[in-house]
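Participant: Chains as they are written, first to last, in my numbering: chain Y, 1 to 140; chain B, 141 to 530.
It should be emphasised that the hints constitute simulated quantities derived from the structure, not laboratory data.
There could be a bad hint or two in this list.
To be verified - Result set (EDC-like, lysine to aspartate or glutamate): computed pairs, CA atoms no more than 20 Å apart in a straight line: (1) Y:K133 to Y:D123; (2) B:K376 to B:D188; (3) Y:K8 to Y:D123; (4) Y:K133 to B:D188; (5) Y:K82 to Y:D60; (6) Y:K33 to Y:E16; (7) B:K376 to B:D506; (8) Y:K4 to Y:D64; (9) Y:K33 to B:D276; (10) B:K376 to B:D178; (11) Y:K133 to Y:D83; (12) Y:K133 to Y:E54; (13) Y:K82 to B:D346; (14) Y:K4 to Y:E96; (15) Y:K8 to B:D188; (16) Y:K8 to Y:D84; (17) Y:K133 to B:D276; (18) Y:K33 to B:E395.
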Amino acid sequence: MSEKPYGKPLPMPDLETQPFWDGARAGRLRLPKCNDCGQYHFLPRALCPHCRSENWTWVDASGDGVIYSFTIAHRGAGPAFKDDAPYAIAIIELAEGPRMMSNIVTDDLSRIAVDGAVRVTFDAVTDDITLPKFTLVEAA
Amino acid sequence: MTPRNRACIVGIADTPLEKGRVPGGATVMQIQARAARDALAEAGLGMDDVDGLLVAGSWGMPRPGSMSALAMAEYLNLQPRYLDNTNAGGSSFEMHVGHAAMALEAGACEVALILYGSDQRSGGGRSLGGRPNWFDLQFETPWGMPAPVGAYALAARRHMHEYGTTAEQLAEVAVATRQWARLNPAAMMREPMSVADVLASPMIADPLHLFDCCLVTDGGGAIVMTTAERARDLAKRPVAVRGYGECATHLSIPEMPDLARLTCAERAGAEAYRKAGMGPRDMDVVEIYDSFTITVLLSLEALGFCAPGEGGAFVANQRTAPGGDFPMNTNGGGLSYAHPGMYGIFLLIEAVRQLRGECGDRQVVDAELALVHGTGGTLSSGATVILSRE
Ligand SMILES: [Zn+2]
């Protein structure tokens, strides 16, 4: 029971984003999907950015995507991430369309490439917060 | 015929720095008050002439970013009838010039004062870490996003992927800018630097090296604007605002519509060219926001100086250096002159000095038209100003 505290910045969920973080905690990557125009969006918004409808629902995404771009942080973002460097930050283009930022979890940073296929994985960093991260899907 | 109410810049001042710091230290309000006094004095105006006030900064009360225009009105004992606290990051001051021009043309004020002050180097640092992880940031900060450099690295990587842009091409920008800094006694970094030096500097956020990144300094500046009619009686040769435009596309970098295309600059530039009745080829000197080397490539493409994807080839062979055929960032830029966090006001100040012919060793011969373009946030906002000798 003497587990080391997580010690890194945690998201501050709000009324609008709590369902996303609840989903992650349950091992599900959730996206807002518009019931009027049928399109997905992210970040969550009161009004669908495509058709401005407020009639949208949280749905489970496939968890599949490709790397739209990435960077290797050789200097961590502040003291909390100092010992993690180098590590990979990417913008993932999800199969459903929206993009989201996350980490690429890999033992070999040199394998990360733009357009590379990735799949979501879940990192339960505290009892309350689980961070969706992504792993490389190696070509068959 | 010159319209009598055309907006002109008639006074400028920037805060003298030693090794990137205000000598002896100063608060952001002291920095701005002294810059305001100096810019007004240069114009032959006094504080009591000011009836328009435009302020942006990373400081504020009660919290960073808020109500800085009110704080400065109080501090300078002004009761402005035109007030603008637009804060869109480093491009804010290009927006302020556009907004002040519209206010002057409409008669909403007669003398507009634009202010900026920062104690970033003395008081803290460039890192935007430590911000609360709410709103957009709850989807950035938890993954260890180094802000702002990580955002620009993501754009650079995408540009490389789509167009084959190289680290060497990015480094050309830093080297050319350093060459200009070597001609500017006020620049912080004046030692010789080569492309190899840039590539050998520590990797910060791949593919951006340390010398692809702007400096971290203090700084402050002030700009005084009035109408062409009133400018005729003032002390300095006026510089006319011929066109301006602005646009914003996002705040958080994953929301940027296209990481390899600076669409906010495309729109801001097109509007400025339209208002001025000019195009990119008309410009004699160009001052482009250089928070990072990639910022410059994206801006050059978006503003039509070259086609999308050709920014790397455009800046090759030190084309933008002194003696090259495209004089750019002639004070040494945010990369080698100074960068107090929101750099846009210094682009404008340098353009005015070039158009007045005050630049000494770094003077661009016969500079009559200048384009200034600021970028704010994480490639989030853009604002273009076209200036000419009046
Ligand atoms: Zn919709």
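Participant: Next step is simple, just say for each hint if it's right about the structure.
Facilitator: Here's how the hints hold up against the structure:
1. Taking the CA atoms of K133 (chain Y) and D123 (chain Y), the gap is about 7 Å. The hint holds against a cut of 20 Å.
2. Restraint check: the Cα-Cα separation between K376 (chain B) and D188 (chain B) comes to about 19 Å, which is no more than 20 Å; the hinted pair holds.
3. Restraint check for K8 (chain Y) and D123 (chain Y): satisfied, since their Cα atoms lie roughly 13 Å apart, inside the 20 Å limit.
4. Of the supplied pair hints, the one linking K133 (chain Y) and D188 (chain B) is violated, its CA atoms being roughly 58 Å apart against a limit of 20 Å.
5. A distance of roughly 34 Å separates the Cα atoms of K82 (chain Y) and D60 (chain Y); the hinted pair therefore is violated under the 20 Å criterion.
6. At roughly 14 Å between alpha-carbon atoms, K33 (chain Y) and E16 (chain Y) fall within 20 Å of each other, so this suggested pair holds.
7. About 18 Å separates the Cα atoms of K376 (chain B) and D506 (chain B), which keeps this hinted pair within 20 Å; it holds.
8. A threshold of 20 Å between alpha carbons decides the hint, and for K4 (chain Y) with D64 (chain Y) the separation of about 32 Å lies outside it, so the pair is violated.
9. For the given pair, K33 (chain Y) sits about 19 Å from D276 (chain B) by alpha-carbon distance, which is consistent with the 20 Å threshold.
10. Among the hinted pairs, K376 (chain B) with D178 (chain B) is consistent with the structure: their alpha-carbon atoms are about 13 Å apart, no more than 20 Å.
11. Between K133 (chain Y) and D83 (chain Y), the direct Cα distance comes to roughly 19 Å. Compliance with the 20 Å bound is thereby established for this hinted pair.
12. Only pairs whose Cα atoms come within 20 Å are accepted, and K133 (chain Y) paired with E54 (chain Y) is rejected, the gap being roughly 28 Å.
13. Restraint check for K82 (chain Y) and D346 (chain B): the C-alpha separation of about 16 Å stays at or below 20 Å, so the hint holds.
14. This hinted pair does not check out: K4 (chain Y) and E96 (chain Y) have alpha carbons roughly 37 Å apart, beyond 20 Å.
15. Under the criterion of a C-alpha separation no larger than 20 Å, the hint pairing K8 (chain Y) with D188 (chain B) is inconsistent with the structure, at around 51 Å.
16. A threshold of 20 Å between alpha carbons decides the hint, and for K8 (chain Y) with D84 (chain Y) the separation of about 11 Å falls inside it, so the pair holds.
17. For the hint linking K133 (chain Y) to D276 (chain B), the alpha-carbon distance of about 17 Å falls within 20 Å, and the restraint holds.
18. The suggested pairing of K33 (chain Y) with E395 (chain B) holds, with an alpha-carbon distance near 17 Å, which does not exceed 20 Å.
Violated hints, listed in ascending order, are 4, 5, 8, 12, 14 and 15; each of the other numbered hints is respected by the structure.
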